[in-house]
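Take the sequences, apply the hints, and build the full model.
Residues in the sequence shown are numbered from 74 upward in steps of one, following this note's numbering.
Read the hints as simulated data drawn from the structure, not as lab findings. Treat the hints with care, since some could be wrong.
Claimed, not checked - Keeping only pairs whose Cα atoms sit at most 25 Å apart, straight-line, the calculated BS3-like set for lysine-lysine is:
1. LYS131 <-> LYS121
2. LYS162 <-> LYS131
3. LYS123 <-> LYS162
Fair warning: this is a prediction, and the values are worked out from it, not measured in the lab.
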Amino acid sequence: MLRKISSVALGAVAFAIVQAAGATGLATCDSGAPETWQTQEKLTAMLKEKGWQVRNVKVDGGCYEVYAIDDKGERVEAYFHPVTLEPVKTASE
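The following block contains the structure:
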């Protein structure tokens, strides 16, 4: 019985960790330690200079995930490497 409880508990913990990470799998960045990342504010400023209206920036898969309206007026979900701020291709591209 104790063994069954342990494996169930471990499964629940593993599931919670995956859910907390919240990664969509659309993009993954080998970005290293967060202390080496450029700020979300710098990325937002860079995109605003290009005519984007940034709605939200969050971390997903080690990348910055940006929700915005681009310079053509289209809604976009884009990923950027947090160290270089270069665009990252997604699995769907």
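Going through the hints against the structure:
{"no.": "1", "hint": "LYS131 <-> LYS121", "result": "holds (16 Å)"}
{"no.": "2", "hint": "LYS162 <-> LYS131", "result": "holds (17 Å)"}
{"no.": "3", "hint": "LYS123 <-> LYS162", "result": "holds (19 Å)"}
Going down the numbered hints, you'll see the structure goes against none, and every one checks out.
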